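Asker: Protein sequences appear in the order of chains U and Z.
Here the first sequence stands for residues 1 to 318, numbered as in the numbering used here.
Here the second sequence stands for residues 1 to 205, numbered as in the numbering used here.
It should be emphasised that the hints constitute simulated quantities derived from the structure, not laboratory data.
Predicted model only: the values in this text are computed from it and were never measured.
Each residue gets a CB set at the ideal place from its N, CA and C atoms; glycine is no exception.
It cannot be assumed that every hint is accurate.
Taking lysine to aspartate or glutamate pairs in the DMTMM-like style, the calculated list, with each CA pair at most 20 Å apart, reads [what the hints assert, rightly or not]:
1. K304/U / E194/Z
2. K66/U / E31/U
3. K155/U / E194/Z
4. K188/U / E121/Z
5. K289/U / E252/U
6. K304/U / D103/Z
The following residues of chain Z were derived to be distant from chain U, with all beta-carbon distances above 12 Å [to be verified]:
7. Y42
8. W47
9. K57
10. A63
11. G86
12. R129
13. I137
14. M144
15. N148
16. K155
17. G172
18. Q189
19. Q201
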Amino acid sequence: MKTSIYYRIALLCIVFGLGWSSCKTKRPDNEPKKIAIVISTLNNPWFVFLAQKAEAKAKQLGYESKIFDSQNNTAQETDHFDNAIASGYDAILFNPTDADGSIVNVKNAVAAGVPVFCMDREVNANGAATSQILSDSYSGCVAIGKYFVETLNKKGKYVEILGMVGDNNTWNRSKGFHSVVDFYPGLKMVAQQSADFDRNKAMEVMESILQAHPDIDGVFCGNDAMAMGAYQALVAAGKADRVKVFGFDGAEDVVKSIQDGKIMATGMQFPEVMAQTAATFADEYFKGKRDFPRKMPVAVELVKKDNVENYAAYGEKQ
Amino acid sequence: MPKPIRYLLYVAVFALLAYNSVYFRKLDEVKAGAETFDAAGYARDFWNKKLMPGLSKAADLNALVTQLKTEKDKAFAQHSHALGIGNIRYFLVKGQGVVTGVDENEVAVEVGNIRARIATEYIFGNAVRDASGAIDIDAFTNSMDFNNVSAEINKLIREKVVPPFKSGVRKGDRVSFHGAIELNREHLQLDNIEIIPVSLQIEKP
Chain U
1 MKTSIYYRIA LLCIVFGLGW SSCKTKRPDN EPKKIAIVIS TLNNPWFVFL AQKAEAKAKQ
61 LGYESKIFDS QNNTAQETDH FDNAIASGYD AILFNPTDAD GSIVNVKNAV AAGVPVFCMD
121 REVNANGAAT SQILSDSYSG CVAIGKYFVE TLNKKGKYVE ILGMVGDNNT WNRSKGFHSV
181 VDFYPGLKMV AQQSADFDRN KAMEVMESIL QAHPDIDGVF CGNDAMAMGA YQALVAAGKA
241 DRVKVFGFDG AEDVVKSIQD GKIMATGMQF PEVMAQTAAT FADEYFKGKR DFPRKMPVAV
301 ELVKKDNVEN YAAYGEKQ
Chain Z
1 MPKPIRYLLY VAVFALLAYN SVYFRKLDEV KAGAETFDAA GYARDFWNKK LMPGLSKAAD
61 LNALVTQLKT EKDKAFAQHS HALGIGNIRY FLVKGQGVVT GVDENEVAVE VGNIRARIAT
121 EYIFGNAVRD ASGAIDIDAF TNSMDFNNVS AEINKLIREK VVPPFKSGVR KGDRVSFHGA
181 IELNREHLQL DNIEIIPVSL QIEKP
């Protein structure tokens, strides 16, 4: 008889999907609330900076926080979300790995009563996240595209190195850039390849492109890590002086390279602003606020030789 | 109820639930069924119903620059729009000026004692979309749709506003304009203002 009861309970659990959401750990009320910071990858200094600033702001506001690295893997990201929900985290500051693939994680967390605030990257579902604080990548790359056209005098061969193809930022940047550059028939894109926002991959991609197209005039990269990788490949090929490299992010080594005349320009994002806004939104959520903007774009600024003195790594010069 | 029949019933219920919970469709069918956003239609609607009627609220460029020099924060608060946070803000402006130069990319104008440039080549970005403050970003499913609206608005300017102006304008002409400008609040530059035109009229001397 006992076996039969257990069997029925197990069957009901399977059929009606009773699972982890009911197993959420309860904490005593006097303990500080906990904020999980789930980041697409910590293999990129820009995301490390974003995570650290989010953590610092959460701590400053009086909350416990922990950083989780998804290693650009949506399955790992799902594990982090499941752990965060089951471990009783009260909010998630989230840098998604995939605009579509990450939606389910956001929805699960919100359904379990855990608000999610996206940072820098978005998920393609309006209203899934509590709020999305995003770099205005498109506008930033429009500015880069315009400067690219001016610098190359509307003609020449160029290469585009894309970030991760599943990320909206990749395409917003590419579309912003092409919304300008494609108007100029004298500018011919001879290669467009992904290097997953990774410096080493970008170097390899650039090396192989240079073998097929040794006479390029410019390279547009979807982030600064790839710009540095492409630049390294150009140096190795002895072409760094004639090929103009453009990045996006506002990373420390690229800001310095613009000062030194090695890289032409970058789009300065403000990860600290995004991280602090996300943590502040979580704080406001805990205090009862619910009417957050669904999307909050953060302006990107063009950094080039004649204004680089205004900027430092990842933001304004203090 | 005999055990085998009871187990059979459980299995049948489970199978029924599982069958109705899982189904397969080709990805291209799903994508084809998804409603695509008509950015061009949205841009035309925005142009006719929001932007044009809103031009009467444009700030006079001369007065705006004077205010920006004396009370910057108030000028930004009163006249600028942006859909997010950051230093970049947009203004809807109007004015009259004298053409001091015409080149491949722009038309230089003197508006009172201000030197500005009316863009005729580089019509890009979100200045016109955002300067009016009449678009709600939350109405869009993703930022790509939203950005495509900018591209379509710029296309309207490039096709309708610029060609008649560019073909007729000469140095010394007097022009009236409405347009959008972008300014960086933190690093304010007022000596090289670029106007993305929305309406342009040439008054021959």
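Asker: Take the hints in turn and mark each one as holding or not.
Answerer: Results for each hint:
1. K304/U / E194/Z: Given pair K304/U, E194/Z holds - Cα atoms ~18 Å apart, limit 20 Å.
2. K66/U / E31/U: 15 Å, holds
3. K155/U / E194/Z: 23 Å, violated
4. K188/U / E121/Z: Given that 20 Å is the threshold and the Cα spacing comes to 19 Å, the pair holds.
5. K289/U / E252/U: 36 Å, violated
6. K304/U / D103/Z: Measuring from Cα to Cα gives roughly 24 Å; hence the hint is violated.
7. Y42: 15 Å, holds
8. W47: 18 Å, holds
9. K57: Consistent with the label, K57/Z stays out of reach of chain U, its closest Cβ about 23 Å off (over 12 Å).
10. A63: 25 Å, holds
11. G86: Non-interface label on G86/Z violated, nearest chain U Cβ at 3 Å vs cutoff 12 Å.
12. R129: 10 Å, violated
13. I137: 5 Å, violated
14. M144: 6 Å, violated
15. N148: With a cut-off of 12 Å, N148/Z comes too close to chain U, as the shortest Cβ separation is near 8 Å.
16. K155: 10 Å, violated
17. G172: G172/Z clear of chain U: closest Cβ-Cβ about 27 Å, beyond 12 Å.
18. Q189: 9 Å, violated
19. Q201: 26 Å, holds
When the structure is compared with the earlier hints, violations turn up for hints 3, 5, 6, 11, 12, 13, 14, 15, 16 and 18 and for no others.
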